[in-house]
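Novice: Here the protein sequences line up with chains A, B, C and D, keeping their order.
Take the first sequence: its letter number 330 is residue 329 in numbering that gives the first Met the number 0, and every next letter is one higher.
Take the second sequence: its letter number 221 is residue 220 in numbering that gives the first Met the number 0, and every next letter is one higher.
Take the third sequence: its letter number 279 is residue 278 in numbering that gives the first Met the number 0, and every next letter is one higher.
Take the fourth sequence: its letter number 86 is residue 85 in numbering that gives the first Met the number 0, and every next letter is one higher.
Be careful, since some hints might not be right.
Stated by the list, open to error - Derived lysine to aspartate or glutamate pairs resembling EDC-like cross-links, with alpha carbons at most 16 angstroms apart:
{"hint": "1", "chain 1": "A", "residue 1": "K175", "chain 2": "A", "residue 2": "D147"}
{"hint": "2", "chain 1": "B", "residue 1": "K175", "chain 2": "D", "residue 2": "D201"}
{"hint": "3", "chain 1": "A", "residue 1": "K175", "chain 2": "C", "residue 2": "E50"}
{"hint": "4", "chain 1": "B", "residue 1": "K17", "chain 2": "B", "residue 2": "D34"}
Quick caveat, the hints were computed from the structure, so don't treat them as lab data.
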Amino acid sequence: MDAPPDLLRHTTARLSEKQLLELYRFMLMNRLVEDRLGKLYRQGKIVGGLYSSFGQEATSVGSAYALRPGDKIGPMIRNLGSLLVKGIRPREIFCQYMARAAGPTFGRDVNLHFGDLQRDCVAPISMLGALIPVLAGMALAAKMRGEDHVALTWIGDGGTSTGDFHEGLNLAAAWKLPFILVVENNGYAYSTPTGMQMANSRIVDRAQGYGVRGDRVDGNDVIAVYHATARAVHRARRGEGPTLIEAVTFRMRGHAEHDDAGYVPLELVEYWRARDPIARLRRYLVVNGFASEQQLDAMTEPIRAELEADAEFALSSPFPDAALARGGVVAGDGDPRGAARLAQGSSGWLS
Amino acid sequence: MDAPPDLLRHTTARLSEKQLLELYRFMLMNRLVEDRLGKLYRQGKIVGGLYSSFGQEATSVGSAYALRPGDKIGPMIRNLGSLLVKGIRPREIFCQYMARAAGPTFGRDVNLHFGDLQRDCVAPISMLGALIPVLAGMALAAKMRGEDHVALTWIGDGGTSTGDFHEGLNLAAAWKLPFILVVENNGYAYSTPTGMQMANSRIVDRAQGYGVRGDRVDGNDVIAVYHATARAVHRARRGEGPTLIEAVTFRMRGHAEHDDAGYVPLELVEYWRARDPIARLRRYLVVNGFASEQQLDAMTEPIRAELEADAEFALSSPFPDAALARGGVVAGDGDPRGAARLAQGSSGWLS
Amino acid sequence: MAVVTYVEAIRQAIWEELERDPAVFLLGQDVGTYGGAFRVSAGMLERFGPERVRDTPISESAIVGCAIGAALLGMRPIVEMQFIDFIGLAFNMITNFAAKARYRWGAGVSLVIRGPSGGGVHGGPFHSQNVEAWFAHTPGLKIVQPATVRDAKGLLKSAVRDPDPVIYLEHKFLYRRLKEDLGEDEEILTPIGRAASRRAGDDLAILTYGAMVHVALEAAERLSREDGAEAEVIDLRTLSPLDDEAILGAARRTGRILLVHEDTRTGGLAGELAARVCESAFEWLDAPVLRVTAPDTPVPYSPPLEDAFLPSADKVLDAARRLAAY
Amino acid sequence: MAVVTYVEAIRQAIWEELERDPAVFLLGQDVGTYGGAFRVSAGMLERFGPERVRDTPISESAIVGCAIGAALLGMRPIVEMQFIDFIGLAFNMITNFAAKARYRWGAGVSLVIRGPSGGGVHGGPFHSQNVEAWFAHTPGLKIVQPATVRDAKGLLKSAVRDPDPVIYLEHKFLYRRLKEDLGEDEEILTPIGRAASRRAGDDLAILTYGAMVHVALEAAERLSREDGAEAEVIDLRTLSPLDDEAILGAARRTGRILLVHEDTRTGGLAGELAARVCESAFEWLDAPVLRVTAPDTPVPYSPPLEDAFLPSADKVLDAARRLAAY
Ligand SMILES: Cc1ncc(C[n+]2csc(CCOP(=O)(O)OP(=O)(O)O)c2C)c(N)n1
Ligand SMILES: Cc1ncc(C[n+]2csc(CCOP(=O)(O)OP(=O)(O)O)c2C)c(N)n1
Ligand SMILES: [Mg+2]
Ligand SMILES: [Mg+2]
């Protein structure tokens, strides 16, 4: 696996064959779900914008995979892969992106803005950075209760400029919370290159100022991301405080589907295309004898079929009834969602 | 001058004798103004709280002294010394602290919350950190106009935890603005020691992350503060961007007069008392033959006399008329201050 | 005998809730060793330890954000703003994260944010503000402001137990000026969402809250003494959700409504109250709905200026007279 | 022929002001190379260069703070919020620094903050909010919201020249839906502080602003057609300071006031309007003051939910009917 020179390298993979194949499967699923979403978008079925993590699958999957049940995550818009690892099902995502009643928010919120504490997921708000203090608070709750859970969230290079990034990371550091922050440095915040957002684009250099451990990792190397996160998790569980992991990666699509990213130099895209995280793991698996090309190829079809069924389910599921617009603002005000959930019965998202 | 070991030391003083004596005079004046305010406070003449920079005079005076007219400052509550350097007169401060009509805000705002753009001073708001983006904006204005002015502000160790610290410094760095931030690390934020606010109390370690120059300096050594600031100013004027200066100092009084600071260990106070910035410069001046003890002693009385007169002026000047409560919220709404200023005539603060 | 001040009632409420429920904890600047800028948490660090009484960095947004995260997992944080004016720094966290979580994904955020509000102590533009109107406009938040020692305790205890985010505004002018015997045994819980009538009267009704309840009561007494007219004084106590029954009831009973708040006028809560009255009790109205509020300026510092700024018994009396005579 | 859209009118206003005054500059996320998320600044980087068309980091508080600092020295910054929902992150800077500077120390802050507001495009809870009420309550700020293409241009140009901070709320639903011929020669400047009557009528008056002006006009037409009653429709245009003459004049002329806004109900601007009417034009009122607003919930995303949430011509017509029949 060819990584840019100054990145942290994994030396020996302590992952089992099963785990490696699982990582591969999650990344593949991540990409195929987004492919399917893209098709739905072009068919005009998505309500609102569509965001893609194409090329960044390794950072979401590799980091989430290092967690245990009970460890909380705060996924951002490009962390679909982490949701899959945590057990969120593609049909929930399809329903959500198509504003259907069977989606996890019953059509109340957009795209990946949903959460399920049973499955350890917090719903983000759009305002970048906000998840950092919130996940730090979840780490605090675990610490106060003497549980050994950790909390992890992601932020983009652009999102590091928010006040919440700073306040949240500093607070987590001051309190030595079991908290992990993965910075996905993918070169751009919308159209703005990292170099225009900050004077020093080596984001890991911020760690020392906060007094936290910092790691810089090849974000397109899922094994490296996994190992860096696993180390951070280990430290966090032992009470050694937060880690900031800078995952260097690249956003291979526009900011959202509407954006052709004409502002990105083609060489940059080519450079990173050659470092596609799925292709790299694939090569690694084949070269090291963990799987054959055919075996890996064979993984695609069943996933596609499942996604087809899920997309069909979502496409044929209804938009929410207007009555679902009201209630559930505060407790006891007549939340209609309880009844709606029951009515959806076994075909609903909770099934 | 005995400085803690890892602090930046000035080697040769490039300051003239006249300048050294002026620095001494400003620090002395700073302390005497605050002494006089303390007396007024104990007499019940101050309206509201009284804040002191006792022991930190070198950071305010030394940094402000490195500026030229036209360079903007955003003083915080403990930067009375910088106001004196910028030409603010003690009577304005007395009037302001006693809520009198002749004060620069006509009694509208408290303590050092006043500004005068003619004399390069911006009025702070209470919210810590807010001045950082604002002064960065002043640096931006200078840059856009091709003027070679710089902008400087201060922040406490506690104030570094605000979102505005981060957003403002990062913006100034990304835009290479002629901006200087002096962090007064005085060991405490109110009752909270620095070590409880952050995991790494060496605040200068944050500079690298932002891609700005960082200097750590003995904040009780006025010459060192001056030189560090002068270097930063020089860099800023040459277009080399912001500098973060960590001035290590100590708050010798409580957070405000009401606070006996019982939470501060006595040894710490003793350690810093031995490093009093005025006494240190005094020793330096005498040992190096810039002035005799008697000469320096002789400076006190004229200042005291002036302050006595200013305090008398303030004490005998009226509280504002109720009519001054309204108007001047937006332009053209009947600001009563123009008329009031005229009525105050030559005895007013603008005289 | 248990005569306590308003600020002591706040301290007791926190103390009792910390004793009652291990999920409750307090966080804010200087709440630990120092016991809070106004000594609200004096002794708590010693009793409950540094895990549950947490000094924080100066990071209002992160403090609230962190409290939200803990609350999502079942903790019951009480956030202290050293002065409520600093709440603006957490505006996004409060209005976008905490307030909307239940509606969006069914996640209740049981969280109290409290801090000293209001003027009258010459704190100037940044230590005197009233912030209720900013938050009363945000669906998903509750807002309370006690006017009595009993409610200072009772509303705070209810706020801690409430399943949704509650902004608890304590009026610093009342901190040590109000005293009341709260007895010893009974547990004091003031229901959220219910106003209280503080004085009976048929000729007009003054709707108010916080420190202004006392100003209104003084004006009502003078109106009675000097003019023989009787004003009902209603202490709203909960500013969101408003107690419509009490508000509209007063309009129906008296036909004359005077709205009083210390907050500045335009966009203040009195507007919402006036709208509710004019919308739903119009046929009962015998006179215009009047407002006595602070003018539309920042809060000035110097005593003569702040006196001119704040609603006073004189100003309330004057408006009440005009209303009674209409 | 110069038929332009609402969003193009905004672009022209900025362009012309950049041409006119070298102190004017634009800053915000992706306003440079990309020309803004909604293409409002397309071509400006090329024409005016990177010093005056500045891509910023994602730091709303610092962007506004930096603009304040520049404004204090005589620059005339225009801040773009990528969506107006993000303005909450600069809440402290706006309400405490910018709004209070003139009152406190006589320092005018000539600053425009603008961004896409409002719903109707299925943007969900964080890309659909209306923020006027938060800021209308803060003395020292001006707030405008254009409902027409002409005002989109004229209000923005006036805002840039205003000596105080102006929040300019552009309604994204109108961006490409409204078109108007603005002619070629004349310089368009809409005065701040003045409402405009968009339809004459004696039976009742609808006070509204932004996208709701068009909803109100549709309802008024249907009311006229179906019931023969004539509603005046007043477009407030400036939300702070309010045009009392226009508001009270409408109440006096018609005696029946219907307030309509897209923003949620409690604490919304309609409250303030109702209070002013009931306070100062009570004797002219023939009927309750009614409100049609969004309900007190976050803005839901899915089309059927958002449709239920937003005020519609049906809902306005219904209220207008009740009012006319009262
Ligand atoms: C506080 C805030 N300001 C502005 C936005 C609008 N916005 C959404 S995504 C984005 C760019 C994010 O860039 P980055 O953090 O690098 O994440 P990436 O999209 O590259 O994954 C912006 C400006 C936002 N969501 N939040
Ligand atoms: C944003 C904000 N939060 C809280 C406060 C209340 N407060 C005033 S001074 C202070 C401590 C400041 O400590 P530091 O920054 O170290 O400055 P020092 O007092 O030591 O000079 C606090 C918490 C404030 N002014 N601003
Ligand atoms: Mg990015
Ligand atoms: Mg300090």
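Novice: Now tell me, hint by hint, if it's right for this structure.
Specialist: We went through each hint and held it up to the structure:
| no. | hint | result |
| --- | --- | --- |
| 1 | A:K175 x A:D147 | 13 angstroms, holds |
| 2 | B:K175 x D:D201 | 61 angstroms, violated |
| 3 | A:K175 x C:E50 | 12 angstroms, holds |
| 4 | B:K17 x B:D34 | 25 angstroms, violated |
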